[in-house]
Each structure stands twice: as structure tokens, then as C-alpha cells.
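Put together the whole structure using the sequences plus the hints.
Chains as they are written, first to last, in numbering that gives the first Met the number 0: chain A, 0 to 496; chain B, 0 to 406.
Don't read these hints as lab results, they were simulated from the structure. Just so you know, these numbers come straight off a predicted model, no measurement behind them. Ideal Cβ placement from N, Cα and C applies to all residues, glycine included. Heads up, a few of these hints could be off.
Result set (BS3-like, lysine-lysine): computed pairs, CA atoms no more than 25 Å apart in a straight line [stated by the list, open to error]:
(1) Lys470/A / Lys178/B
(2) Lys171/A / Lys270/B
(3) Lys257/B / Lys470/A
(4) Lys283/B / Lys389/A
(5) Lys345/B / Lys389/A
(6) Lys385/B / Lys389/A
Residues from chain A shown here face chain B by an in silico Cβ test under 8 Å; the list is partial [stated by the list, open to error]:
(7) Leu319
(8) Ile320
(9) Ile328
(10) Ala413
(11) Leu443
(12) Met445
(13) Glu494
Label pairs and their computed distance ranges (CB to CB) [stated by the list, open to error]:
(14) Gly367/B / Met469/A: 30 to 38 Å
(15) Asp246/A / Arg379/B: 17 to 25 Å
(16) Lys178/B / Ser436/A: 21 to 29 Å
(17) His301/B / Thr426/A: 40 to 48 Å
(18) His236/A / Thr366/B: 39 to 47 Å
(19) Gly449/A / Thr366/B: 51 to 59 Å
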Amino acid sequence: MDDSDEEYLSPSMPPSRGSTDSPKGDGVSRRTRSSANGAISDLKGANGYAWEDEIQRSWDIVKNDENGDRSLESIIQSMIEARKKKIMRNPSTPFQRGIIRTLIVVIDGSLAMLEKDLRPTRFAMTLSLIQEFIVEFFDQNPISQMGILMMRNGVSNVISEVSGLPQYHIDKIRQLKARQHNRYEPKGDPSLQNSLEMARSMLMYNFGGGHSNDTKNSKEILLIFGALFTSDPGDIHKTIDHLVRDDIKVKIIGLSAQVSICQELVNRTNNEQKSISSKNYGVIMHETHFRELLMDCVVPLPISEKDKAEQNEKKNGVPLIKMGFPSKIQPKFTVSINNPNFNIDFPQLSASHPTQGSEDSKQVVEVSTGELGSDMNPNNVIGYQCPQCKNKVSNLPTVCPVCGLMLILSTHLARSYHHLVPLAPFTEVPVSSSYTSQYCYGCLLMFPKGVSVKSKASLESMTSSRYRCMKCSNDFCIDCDVFVHEALHNCPGCENN
Amino acid sequence: MATTTTALATTTTALATTTTALATTTTCKAQPTYYNRQPTMDAISDRVFTESVDSSNDDPSLLTVILDLSPASWYNIKDQISINEITKSLLVFMNAHLSLNNSNQVAFIASGPQGSKFLYPNPGKVYDEIRTREEDVDREPSPGLVSKEMYRQFRVVDEAVLEELNQCLKEVLATDTHKSALSGALSMALTYTNRMLTLDQSISTTTASAINSTTNMKASSNAAGGSGAAASGTAANSVSLMKARILIVSANDEDDIKYIPIMNSIFTAQKMKLSIDVAKLGTKNSSYLQQAADATDGIYLHIDDPKAIIQVLSTAFFVEPSIRPYIILPTNSNVNYRASCFITGKSVDLGYVCSVCLCIMSVIPDTGKCPACGCVFDDRVLAQLKRGPVVMSRKKRKVEGTPAVNP
Numbered sequence: 000m001d002d003s004d005e006e007y008l009s010p011s012m013p014p015s016r017g018s019t020d021s022p023k024g025d026g027v028s029r030r031t032r033s034s035a036n037g038a039i040s041d042l043k044g045a046n047g048y049a050w051e052d053e054i055q056r057s058w059d060i061v062k063n064d065e066n067g068d069r070s071l072e073s074i075i076q077s078m079i080e081a082r083k084k085k086i087m088r089n090p091s092t093p094f095q096r097g098i099i100r101t102l103i104v105v106i107d108g109s110l111a112m113l114e115k116d117l118r119p120t121r122f123a124m125t126l127s128l129i130q131e132f133i134v135e136f137f138d139q140n141p142i143s144q145m146g147i148l149m150m151r152n153g154v155s156n157v158i159s160e161v162s163g164l165p166q167y168h169i170d171k172i173r174q175l176k177a178r179q180h181n182r183y184e185p186k187g188d189p190s191l192q193n194s195l196e197m198a199r200s201m202l203m204y205n206f207g208g209g210h211s212n213d214t215k216n217s218k219e220i221l222l223i224f225g226a227l228f229t230s231d232p233g234d235i236h237k238t239i240d241h242l243v244r245d246d247i248k249v250k251i252i253g254l255s256a257q258v259s260i261c262q263e264l265v266n267r268t269n270n271e272q273k274s275i276s277s278k279n280y281g282v283i284m285h286e287t288h289f290r291e292l293l294m295d296c297v298v299p300l301p302i303s304e305k306d307k308a309e310q311n312e313k314k315n316g317v318p319l320i321k322m323g324f325p326s327k328i329q330p331k332f333t334v335s336i337n338n339p340n341f342n343i344d345f346p347q348l349s350a351s352h353p354t355q356g357s358e359d360s361k362q363v364v365e366v367s368t369g370e371l372g373s374d375m376n377p378n379n380v381i382g383y384q385c386p387q388c389k390n391k392v393s394n395l396p397t398v399c400p401v402c403g404l405m406l407i408l409s410t411h412l413a414r415s416y417h418h419l420v421p422l423a424p425f426t427e428v429p430v431s432s433s434y435t436s437q438y439c440y441g442c443l444l445m446f447p448k449g450v451s452v453k454s455k456a457s458l459e460s461m462t463s464s465r466y467r468c469m470k471c472s473n474d475f476c477i478d479c480d481v482f483v484h485e486a487l488h489n490c491p492g493c494e495n496n
Numbered sequence: 000m001a002t003t004t005t006a007l008a009t010t011t012t013a014l015a016t017t018t019t020a021l022a023t024t025t026t027c028k029a030q031p032t033y034y035n036r037q038p039t040m041d042a043i044s045d046r047v048f049t050e051s052v053d054s055s056n057d058d059p060s061l062l063t064v065i066l067d068l069s070p071a072s073w074y075n076i077k078d079q080i081s082i083n084e085i086t087k088s089l090l091v092f093m094n095a096h097l098s099l100n101n102s103n104q105v106a107f108i109a110s111g112p113q114g115s116k117f118l119y120p121n122p123g124k125v126y127d128e129i130r131t132r133e134e135d136v137d138r139e140p141s142p143g144l145v146s147k148e149m150y151r152q153f154r155v156v157d158e159a160v161l162e163e164l165n166q167c168l169k170e171v172l173a174t175d176t177h178k179s180a181l182s183g184a185l186s187m188a189l190t191y192t193n194r195m196l197t198l199d200q201s202i203s204t205t206t207a208s209a210i211n212s213t214t215n216m217k218a219s220s221n222a223a224g225g226s227g228a229a230a231s232g233t234a235a236n237s238v239s240l241m242k243a244r245i246l247i248v249s250a251n252d253e254d255d256i257k258y259i260p261i262m263n264s265i266f267t268a269q270k271m272k273l274s275i276d277v278a279k280l281g282t283k284n285s286s287y288l289q290q291a292a293d294a295t296d297g298i299y300l301h302i303d304d305p306k307a308i309i310q311v312l313s314t315a316f317f318v319e320p321s322i323r324p325y326i327i328l329p330t331n332s333n334v335n336y337r338a339s340c341f342i343t344g345k346s347v348d349l350g351y352v353c354s355v356c357l358c359i360m361s362v363i364p365d366t367g368k369c370p371a372c373g374c375v376f377d378d379r380v381l382a383q384l385k386r387g388p389v390v391m392s393r394k395k396r397k398v399e400g401t402p403a404v405n406p
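Here it is as C-alpha cells:
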């Protein structure tokens, strides 16, 4: 407390920090600031920590313009417009996507990631964003696979193997975040070449391997690069050549500044012209921009023109995959032989991959009795039955270890169907004195009544609050409009016709 | 529970039913450690994979009931139960839900071949007026179902549903299509739930509607709420704590549900963390409704003998999703995860999938083109797939042949 009192009374304190109300709180904040001053004082200049200056109050957005009256309305108008634009960004014309993707995420784990320009550090921020990214990625790309690498101390470390289970990746990232596992604290220099080569080798393992369809899946690498240099054991240009040859596309998000070799890497692997700034290489401006760039990688890539032309030339089109949609079955067979007093619980045999892609992924038949007392989670025991060979597996999606059929939940596939049949945007109903609809078709919200239009000035700032589906000509409120287009993807009105 | 089934004829006994249902709930809750199951979110690949947050059980909840009115299916089970009887049971169920918590809400959607319709709430009508008028005229939609002495909230719901349902059935008789509009009903339920969950939550998400709802608060609380200004007022204040679930009652035995819209609805329900419960009457299981319940952690029950449906409703379906992990529910874990073929519309469990657009086919199209995206399929792959079992014998020959080549 002595320290803080002293700091509080020190004359160097800027008068702008309103200290009269809360002297204690201010004193504490001053103390922490000054103690860490030496290390990071040059980061943000006079503003101090990032978390101290970026306070945005919602009421600060509202400002008085010249008229003074209509400021609130115009701001709300612009907010509404911004949301509409966000919806419109989703293209409503169907186009083909290589939806079965395999993505390797490479995280920078070098010393540069300990910089505190993102809060609390670049590394921690990246990890929490990656966690969100995993959830979003598997939501949009249900049968895709992902693997995570980290470049640290001159080498590349595998964080998670290529797998289609989101929970697995999230667990791994969570372990990385936990402090007791500081085996992977950021350290040393990054090596682009090492991690790119490792990512390339991981991408070779694709959908169980050995299938005829592994050539047309899109192979991608997403690199989050905080450093401004790379220390490589060999010629990185050769690595880039290999990536181009294997048709692997690289996207990079830079956390500090643009790096020439990254630009070259992105341009060459995406078949773009040299020294052109590409949308696949972004350098973040701030936290939200980082999130935007990351979330842009969620959307499946459109099939490139070159690929389309190739398909037409060679006439050997896209592969057709045979898939099974297994049924969920009960964990236990209970058989009573002619006598209800004798119940026999058969243990269930399930043949499944324990870990995909690793050495011990040779087909293991595990016997799980499904006892609640055992350390095995009883939910794991619920199995899925292959429709072709009636073998049971415990995890989906996977390749049936007995008959080699690809097993998938139909819900996994159906998750991407809204890309196929996009919903046309609703149009705003023009302002008039009377409307046909009284309330929102989706949520029964009462619409405002029609008003008589007096002048043009008032017309511009007014909305009818109705958004009409042009197919079924039902009116919706803006909430339902956004909800229908962003989450539901089918119009309630059209479904009822 | 034996008293429950006998005392069902009129809705006036709703409170009695509720107390028995409550009793079952509390006895089940009394032994949570014994029945404690692991949270289902962790290990299963097909579930929503975010952490579940424990919340207190006092939060209000919204119950949306969807009643499938497709005529053929109800005709098939006319010996077992009629729409009249099922409506009685559903009204008891909804009244019981309302009586659990003062700010609980219900919605009722009827889905027939002519489309889906909100029976309750109905913004076009003010039910307080009907009540006063009916005291004068005594024109009741179904005499014997609604008593004058009933608790007001129950009566508002019951009158609205019965009156609208009669109209709805007339419309069903007038139409001659047989398509199910269940996907539309589900979409409406979701948009309505979305509004109830997010209304007034923050100014940034509901700019226009927040203003609308504040200016029209009076009108909407009278018309849309119907249950009085007190209930809707509390709902507006504590919306973020609102929970919601959907109950589908269907007797439809045909899998004529539109596949993509129903799947979209399931995923939306998953995202919103609301459960879809299904009470399936009739003779067959519906695989899509099974999937809906399974994917959203809901309950799917195929009710063979629907005469005692109120007992099923008031036990299995009455349990709120928040306390479901502590109770062993009568659900069957055999779920048929079949998909729908894009060409024939039939459900398949072994099919072919286009690798560009992921559309599912039960047969290889003769044209060699994808019916959804128009992509040309690889000839070699097609030939390989069409050969079928022959591939095995040739592989054997290859295995025999390779050692011969090697030396």
C-alpha cells in the first residue's frame, strides 16, 4: 500500500485521468504500469496498455450532427444498412466449391508471439481465436479435416494430427493454453520451410489415403505468422515448388508487417501473378481485423477456373464417392432367452481408429463393456453400424476398418447444403401510408402502422420495417430477415407453400 | 399416476395433473448422484461441441408445440385416437407448463397440407375481449373443453387454440394436396423462438425491432402476448435467461418431409441450443424426426398406444432440458441416420456422394452428371463403382499376380 500511495501522490500523474472519484483504483493501475514500464513502453507509445485505451461506449457512437434531431435515426439507419450488407455478401447464386477440404493450420510459436500488441499476448489471442475458428470451420465444412502445427525454436511441432473431430482440436488447443503445459511456450525463431514441409507431408494423408478420390480434395495451409523473418535449413524456394506441384494452397495472416517471402509463397501457390497483393495474404490492422481474416478462411474456396477448364478438357470430371450412412445403435445387446429372469449383456465389439494418422492407427478391435464404473465414458460406447458390413464403429466420420466404406452422418453432409440452395435476399417494402401486413410472418412482431408521407426529407429517414420475400411475398421484420439468412437458410413462408 | 389418466376429460383438472407431474420431477431430482450421467457434449462427434453452461432452473421457458394435421395419417389411427382427444391432452400439457412458472410461455403451431399457422399466440385477436363477450353470448368453440371458472392464462390459450384449430381443420378439408409443411412449421417455431430469446437483449442486435417493440410495447403485449402485461413485461426483462424447446406431435408415416429445410432447421436448433422433442404416433418411425431429436438432445418417443398420451406427455416430455442429464428418460438410442436421395427422394443408407456439392444419390445417374451441380463424374471412378463385387475377384488375381512379377 505504501507504494501505491506514493505513486498516487506523485506529481507526474497526468491530470486527465480523473482521479478524484476513485483514488485507490487509479493508484493501483499506476503502480502496475510503472513496474512493467521498462519492457513494453515502446509498444504503444503514450497510450499505455491496449486494454486501457480501447474502451468503446455504445453511447459514444451517437453524436450530434448539424441538425441535432435526426442523428439517432440516421445512425440506426446506417447500422441496419451495415447488417443488410453483411447478408448480401453471401452470394445467392450457387457455385461449385471443393467442399471436402483438408486444412493445416500453422501457428507461429516464436518469440515474436510474446509481443503484447494484441491482448494479452499475440500468442494467447491467436489461440483463443483459433478455438473459435475450429468451431466455425467444422460447422461450415462438416466433412473436412484439420491439423494444427506450431513453428517454434527453429523446428515444427505437431499440435494435433489431421482429424475431423472438432473436439479433439479444441482439447489440444486448450492444453496449449493451460499454463502447466509450458512445453510449448513461444520460444526461438520460426522456420517457414520446416513447417511447410511438415504440413505438406500431413496433407498427403488425406481421407484415409489410398482412395481414388484424394486428388480432387482441396489441400490448404493457413499460416499465422507473427515474426518478420524465417530461419530455414535449406532453400525455401524448393519447398514452394513442391507445394505448387502438389497443388497445395497457402493462406497467410501476418500479425506485424508484410514479408516478401510470404507474398511470394501465397502468390505462387494460388496461381496468382507475381508481386500482386492477394486476398490470401492479409496483415492484421487490429483485433477485429484479425478475426475477420481468420473467419474468411472458413468459407470453402471456389473451384478455380483453371481446374474447371481441366475438367472439361480431360473429361474425367469429379469423383463420385460411395458413402454409407450408419445407424446409431444401442451400446448393449440385452438378450433374454425364453426367460425374463436371465438377461445376458453382451459386450460390444467396436472396430475403430483410436487415433487417425498416427502409428498406432492399425485397426484395433477394442472390447468395451460399457460399465458406468469404468473410466471409459459411457457415451463413447454408443456405436454406429456400417450399413454394408454391419461392423460397429464408435466415431464418425471415418473409413470403415473392415470394408473400407466411407462412413458419415447424413447430418454432416446436410450441413453444407445451404450453400447449394442459397436463399434469395429479401427486399425492403417501400414506405407507404398503408401496408398489407400487420405483423411479421416469422415471429408475429407487430409492425408499425403506415404513416402519411409529408416531405421528402422524412421519407429518407423512414423505414417500413418490413422485408419481403419475393417468392412467397410474406413480410418479415429485420431480426427474422437476418436470422433467416444467417442461421436458418430457409424461408418460413416459402416452406409453407 | 393412475389418477392422472382417469382425470383427464376436462382441462379443469390441469392443476392436479401438474402437481403429479411436479412430484415425479422432484423424485427424480432427488437422486442425481445415482443417475448422474456424463455431459453428452464431450466425446460424440455429431453433437454441438461447445461447453454447456449450467443455469438455475427458475428461468422461464418457452414451449412451442407443433401439431401435424396431415389428414391421411390421422385417418389411419382413427381407431386409437382422434385429433379432438390429442388436442385435449396437449392443452393439459401446455397448461401444466404455464403453471410451472409465472413467466413461462407457450406457442402452438398447426401444420397441415395447406401450410402452417400460429394458433397461439395470434396477434390478430385480443382474447381478453373474447372472454368478456362470451360471458354474454356463451358461444364456446367446443363445449365441455373450456370452463368459465378456469385460470385465466389457461383459458386464453385454450380458447385461442380450439377456435383456431376448428378453422384450421376446415381449411385442411378444403385442400386436396398431401404435402407436409412440417419444415415450414419448424422454421416458424425457430423464428419465433429467436425473437423470444433475443428480444431487447442488446441495442446493437435488434436496432429496428427494439424501437418498434418499445413504441408498440402496449399493443404487442396485449395482442401477441395475450397472457397479460405482467407476463410479457417479465419476459422482456429476463429474455437472456429464457429457455426454449419445441415439441412435434406427428402421426405422419410417410417420409415426405422436405429434407434440406428440415436439416437446416435442425442445425439452427443446435446452434440455438434448444431441444426438439418428438412424439411420434402411427405405425412407423420417422427417421428424419429421429435425427432431429437426436441431434438436438431432444427426446424421441414412438407412442404405440396413444390413448394414454397425456401420461407420456406429462412424464417424459415434461422434463426441462436443463434437468434432463439427471434423469434416465425413456428414449431409444437406435437412431436411423439415413439420408434422402436427391433423385428419387427416398431415404438411403448406402449411397453415392458428389464430391463437389455433396449431394446424395441412391443410384449412379445414367448421364454421369451430378443432378444438383451438373458436374461431370470421373469415368474411371464410375466404372469402378459400377463393377461392384467384381472388383474383389480382380484384386485377388492381382495379389496372385504380383509375386509372379516380382521374381
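Cross-check of the supplied hints:
1. Taking the CA atoms of Lys470/A and Lys178/B, the gap is near 19 Å; set against the 25 Å cutoff, the hint holds.
2. The straight-line distance between the Cα atoms of Lys171/A and Lys270/B is roughly 23 Å, inside the 25 Å bound, and the hint therefore holds.
3. Proposed proximity of Lys257/B and Lys470/A is supported: the alpha carbons are some 17 Å apart, at most 25 Å.
4. Of the supplied pair hints, the one linking Lys283/B and Lys389/A holds, its CA atoms being roughly 23 Å apart against a limit of 25 Å.
5. Between the alpha carbons of Lys345/B and Lys389/A the distance comes to roughly 21 Å, so the proposed pair stays at or under 25 Å and holds.
6. Simply put, Lys385/B and Lys389/A have alpha-carbon atoms about 22 Å apart, close enough for the 25 Å limit, and the pair holds.
7. Of the supplied interface hints, the one on Leu319/A holds, with its beta-carbon coming within about 5 Å of a beta-carbon of chain B, less than 8 Å.
8. Because the closest C-beta pair between Ile320/A and chain B is about 5 Å apart, less than 8 Å, the hint holds.
9. The beta carbon of Ile328/A comes within 6 Å of a beta carbon in chain B, closer than 8 Å, and the hint placing it at the interface holds.
10. A cut of 8 Å between beta carbons decides the hint on Ala413/A: the least distance to chain B is about 4 Å, and the hint holds.
11. With 8 Å as the threshold, the beta carbon of Leu443/A comes within range of chain B, its nearest partner Cβ sitting at about 5 Å, so the hint holds.
12. Interface restraint check for Met445/A: the shortest CB-CB distance to chain B comes to about 5 Å, inside 8 Å, so the restraint holds.
13. Proximity of Glu494/A to chain B holds as hinted, the smallest CB-CB distance being about 3 Å (cut-off 8 Å).
14. At roughly 35 Å, the beta carbons of Gly367/B and Met469/A sit within the given window of 30 to 38 Å.
15. The hint said 17 to 25 Å for the Cβ distance between Asp246/A and Arg379/B, and at roughly 19 Å that hint holds.
16. In this structure, Lys178/B and Ser436/A meet the distance hint of 21 to 29 Å, their C-beta atoms being roughly 25 Å apart.
17. The beta-carbon spacing between His301/B and Thr426/A, approximately 43 Å, falls within the hinted interval of 40 to 48 Å.
18. Here the CB-CB span from His236/A to Thr366/B is close to 45 Å, well matched to the stated 39 to 47 Å.
19. Between Gly449/A and Thr366/B the C-beta distance comes to about 52 Å, which sits within the given range of 51 to 59 Å.
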